[in-house]
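Participant: Given next are the chains, with one letter for each unit.
Protein chains: 2
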Amino acid sequence: MKFNPITPEAVAAFTNIVGQEHVLLPAAAEDMLRYTHDETEDLRYEPEVVLKPANAAEISRIMQYCHENYIPVTPRGAGTGLSGGALAIHKGVILSTERLNKIVAIDERNLQATVEPGVITQVFQEAVIERGLFYPPDPSSRGSCFLGGNLSESSGGPRAVKYGVTKDYVLNMEVVLPTGEITWTGANVLKNATGYNLTQLMVGSEGTLGIITKIVFKLIPYPTQNLVMLVPFRKEEEACAAVSQIFIAGIVPSAMEFMERDAIEWTCRYLSMEVPMAADEEAHLLIELDGNDLDLLFKDAERVYEVLEQFNVGEILVADSEKQKEDLWRLRRNVGHAVKSNSIYKEEDTVVPRAELPVLLRGVKEIGARYNFKSVCYGHAGDGNLHINIVKGDMSDEDWNNKLPEGIKEIFRLCVELGGTISGEHGIGLVQRQYINIALNEVQLRLMRGIKELFDPKGILNPGKIF
Amino acid sequence: MKFNPITPEAVAAFTNIVGQEHVLLPAAAEDMLRYTHDETEDLRYEPEVVLKPANAAEISRIMQYCHENYIPVTPRGAGTGLSGGALAIHKGVILSTERLNKIVAIDERNLQATVEPGVITQVFQEAVIERGLFYPPDPSSRGSCFLGGNLSESSGGPRAVKYGVTKDYVLNMEVVLPTGEITWTGANVLKNATGYNLTQLMVGSEGTLGIITKIVFKLIPYPTQNLVMLVPFRKEEEACAAVSQIFIAGIVPSAMEFMERDAIEWTCRYLSMEVPMAADEEAHLLIELDGNDLDLLFKDAERVYEVLEQFNVGEILVADSEKQKEDLWRLRRNVGHAVKSNSIYKEEDTVVPRAELPVLLRGVKEIGARYNFKSVCYGHAGDGNLHINIVKGDMSDEDWNNKLPEGIKEIFRLCVELGGTISGEHGIGLVQRQYINIALNEVQLRLMRGIKELFDPKGILNPGKIF
Numbered sequence: 001m002k003f004n005p006i007t008p009e010a011v012a013a014f015t016n017i018v019g020q021e022h023v024l025l026p027a028a029a030e031d032m033l034r035y036t037h038d039e040t041e042d043l044r045y046e047p048e049v050v051l052k053p054a055n056a057a058e059i060s061r062i063m064q065y066c067h068e069n070y071i072p073v074t075p076r077g078a079g080t081g082l083s084g085g086a087l088a089i090h091k092g093v094i095l096s097t098e099r100l101n102k103i104v105a106i107d108e109r110n111l112q113a114t115v116e117p118g119v120i121t122q123v124f125q126e127a128v129i130e131r132g133l134f135y136p137p138d139p140s141s142r143g144s145c146f147l148g149g150n151l152s153e154s155s156g157g158p159r160a161v162k163y164g165v166t167k168d169y170v171l172n173m174e175v176v177l178p179t180g181e182i183t184w185t186g187a188n189v190l191k192n193a194t195g196y197n198l199t200q201l202m203v204g205s206e207g208t209l210g211i212i213t214k215i216v217f218k219l220i221p222y223p224t225q226n227l228v229m230l231v232p233f234r235k236e237e238e239a240c241a242a243v244s245q246i247f248i249a250g251i252v253p254s255a256m257e258f259m260e261r262d263a264i265e266w267t268c269r270y271l272s273m274e275v276p277m278a279a280d281e282e283a284h285l286l287i288e289l290d291g292n293d294l295d296l297l298f299k300d301a302e303r304v305y306e307v308l309e310q311f312n313v314g315e316i317l318v319a320d321s322e323k324q325k326e327d328l329w330r331l332r333r334n335v336g337h338a339v340k341s342n343s344i345y346k347e348e349d350t351v352v353p354r355a356e357l358p359v360l361l362r363g364v365k366e367i368g369a370r371y372n373f374k375s376v377c378y379g380h381a382g383d384g385n386l387h388i389n390i391v392k393g394d395m396s397d398e399d400w401n402n403k404l405p406e407g408i409k410e411i412f413r414l415c416v417e418l419g420g421t422i423s424g425e426h427g428i429g430l431v432q433r434q435y436i437n438i439a440l441n442e443v444q445l446r447l448m449r450g451i452k453e454l455f456d457p458k459g460i461l462n463p464g465k466i467f
Numbered sequence: 001m002k003f004n005p006i007t008p009e010a011v012a013a014f015t016n017i018v019g020q021e022h023v024l025l026p027a028a029a030e031d032m033l034r035y036t037h038d039e040t041e042d043l044r045y046e047p048e049v050v051l052k053p054a055n056a057a058e059i060s061r062i063m064q065y066c067h068e069n070y071i072p073v074t075p076r077g078a079g080t081g082l083s084g085g086a087l088a089i090h091k092g093v094i095l096s097t098e099r100l101n102k103i104v105a106i107d108e109r110n111l112q113a114t115v116e117p118g119v120i121t122q123v124f125q126e127a128v129i130e131r132g133l134f135y136p137p138d139p140s141s142r143g144s145c146f147l148g149g150n151l152s153e154s155s156g157g158p159r160a161v162k163y164g165v166t167k168d169y170v171l172n173m174e175v176v177l178p179t180g181e182i183t184w185t186g187a188n189v190l191k192n193a194t195g196y197n198l199t200q201l202m203v204g205s206e207g208t209l210g211i212i213t214k215i216v217f218k219l220i221p222y223p224t225q226n227l228v229m230l231v232p233f234r235k236e237e238e239a240c241a242a243v244s245q246i247f248i249a250g251i252v253p254s255a256m257e258f259m260e261r262d263a264i265e266w267t268c269r270y271l272s273m274e275v276p277m278a279a280d281e282e283a284h285l286l287i288e289l290d291g292n293d294l295d296l297l298f299k300d301a302e303r304v305y306e307v308l309e310q311f312n313v314g315e316i317l318v319a320d321s322e323k324q325k326e327d328l329w330r331l332r333r334n335v336g337h338a339v340k341s342n343s344i345y346k347e348e349d350t351v352v353p354r355a356e357l358p359v360l361l362r363g364v365k366e367i368g369a370r371y372n373f374k375s376v377c378y379g380h381a382g383d384g385n386l387h388i389n390i391v392k393g394d395m396s397d398e399d400w401n402n403k404l405p406e407g408i409k410e411i412f413r414l415c416v417e418l419g420g421t422i423s424g425e426h427g428i429g430l431v432q433r434q435y436i437n438i439a440l441n442e443v444q445l446r447l448m449r450g451i452k453e454l455f456d457p458k459g460i461l462n463p464g465k466i467f
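Protein sequence lines correspond, in order, to chains A and B.
Quick note on the UniProt record's numbering: the first sequence kicks off at 1 and runs consecutively.
Quick note on the UniProt record's numbering: the second sequence kicks off at 1 and runs consecutively.
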């Protein structure tokens, strides 16, 4: 790939499109800083210019210019990504969607909402809850991440186990293609058998096929009641095994989160919080049941307890106040931050069929023993989606850089053997790119590269990601 | 497109691949007959040969041969399609998946099943119900249609309103590409952020991108209880309006079906069945609530009655036995057959945001008045998916062939204006192809054609469909 650098003429053209105050150059080093990284490890890449367009029309003009002039463009939401997707590794333009931050409409008659991509996920969730509506996808970063980024990475979150991931809530999108053309991908309907599914092709494409400028989501009625419980297990593999058993018993919890003992201990320290734990408890499940009828939830909880009796569990903590529920969720949402604040780390976003979780977990520990790395595991066990945080600790730089990737390959090969894959909700982006051919064969890669070329013939949009 | 005819050498090659008894030639006119049509109007196209391969390997060899020799291949499931997708309009090969009819595995630990594409939908549903599991998609033709066809057309059915359509249950597929290459499209997981979504690109592609040879579905626990009620409305637009109001009240029924008076009357005659109807009732809603707790369903039913009180409804019939529930569902499932047995017809599969249904229905009647056609409307009102059966009655052939398409265009333009599109679950296939540019713009069509060319560079797989 041969790209052109940003010339003064290019800067002038961009300034003409978005206005002086929405163009950032490296001279403004401090303002520029946050556009040089996302939440992936400690990676830093400085773009040549950051542009903050106001709308699809401006984005279209930027893309036309960059397309004509072979200038790479890296789209960026809130920069909370965990695979390096928003990093300007080929320099060029960072195109930030932060000014496209309006909730355009909440259509209560149709249970739909139209939003711009720069709306913060939690802001949107709270806006629809006010109308008694529910937008379930809730990545841990929901307090800061953008809806557009959630779509680009096919984000999930704890409630995906009952409600599905971000992709399951998008009906239609307006996108600007790398050529500058603006189009919608589908229609504002719950069912669509009219041509190929461009909407789902765009979802999860990590900003490589187009820039999302508007999204139509479906909403559902908000469930008014929930129960939250924290279940300690003496054996971590039993915690994983219990997950499948609860589903087999016919119960679909609204969350089913797995946390190793270390994950909880590190997070308690990080948050200065206390969770009572017996010395012999290896792991916990955070289980949430939701619905509209509290009596029914208590009945379901009874059935969950019956399943749990088959396992070696400690004392179950059932949250008895909203405050306690919030605390338990705060604990879970902060595991990532806590682990990462402790050490240099790499996070793997493995996913397998849910009953294979115990096999995966055992495999990770066994591979870790052979490669001499420590891992802290947690994640969305109900979906079979295990986040593996590999902490550097006292591993040498040499081993970290050269030996560890071989261990990661073994983990990913195990995932694929188990019917799973290498990313459940974080995307491939930059950091998993080197492992992509463990998950995808040559035929799949050829088709994907062909799609990329069709949408982006000059390869200017988010180059160097995924493939 | 320039295709080659089937030569004796081609027949010999095919015979070598699938065996003599699985090759049908026009000489076997009677056996060939059912491969000349599907359930779309009275369309007939005779293929040059029908092949019934046993597995993906044989299909791969057939595709390699046809790819090399520019021979068109039309894949076919059970032939229950409603848009002409399985018709061999360019002659060549009909490739029937009828022998790929095994349920390979029902994985109760992971709530997944692996099936071949030729399994009948209802057979699969019943097999999983035996294990306490649920595969919700239930097109009206479920007693005869194939799962592979359901995926190819992105089929829905009444329960889509709560549970989603076929596409929402597929995790992974094995497909044979037009070039003969065999690949899986994804992984057997509930979440996948690893490369572009080839699975959802294949779903709904109407057999134009590849031939599905294996499918991994997700399953959910089977809801053990349900309530079924038939609600008569004095104004059909009020029936449509009530649909949205029930959702806004926070209830998600497992079915919410709309039937015009004519639809019920014609079907009662067709089935020799009786449904009590007052003279002034214009339309009915068939509403089903499901779950695991009958008390809760009765509570939900009370809330449905409260919503219905706002409307001018007649006496609500609540099914008080399994037999009566079955009868009501038999009534609904047979509307299509009943209407079609009455007259030459065309069926349109319109879909709009659900609150726009009353506007669509009024528009259809108004357009019908201007173009002098009668329509019988029914369908999945909860999804905004209205099937419009236009009956020929005493319309002249001249008007039917030349004037009516202009009226259909007006209906489709109205759908698109309302945020909807021209097919919700039947596909574009052959018969809606002429209307595709009402729903899709030039950019979308260019991308879709590009995808087609990428998968099928010689254009041999199901040529002449969609575009």
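It should be emphasised that the hints constitute simulated quantities derived from the structure, not laboratory data.
Hints are supplied without guarantee of correctness; some may be wrong.
Treat identical chains as interchangeable: a pair holds within one or across any two.
Derived BS3-like pairs (lysine-lysine); straight-line CA-CA distance at most 25 Å [what the hints assert, rightly or not]:
1. Lys-214 with Lys-325
2. Lys-299 with Lys-340
3. Lys-346 with Lys-218
4. Lys-392 with Lys-102
5. Lys-458 with Lys-91
6. Lys-403 with Lys-340
7. Lys-2 with Lys-409
8. Lys-403 with Lys-374
9. Lys-323 with Lys-91
10. Lys-102 with Lys-403
Participant: Taking the earlier hints as the rules, which of them does this structure contradict?
Facilitator: Those not satisfied are hints 1, 2, 3, 4, 7, 9 and 10.
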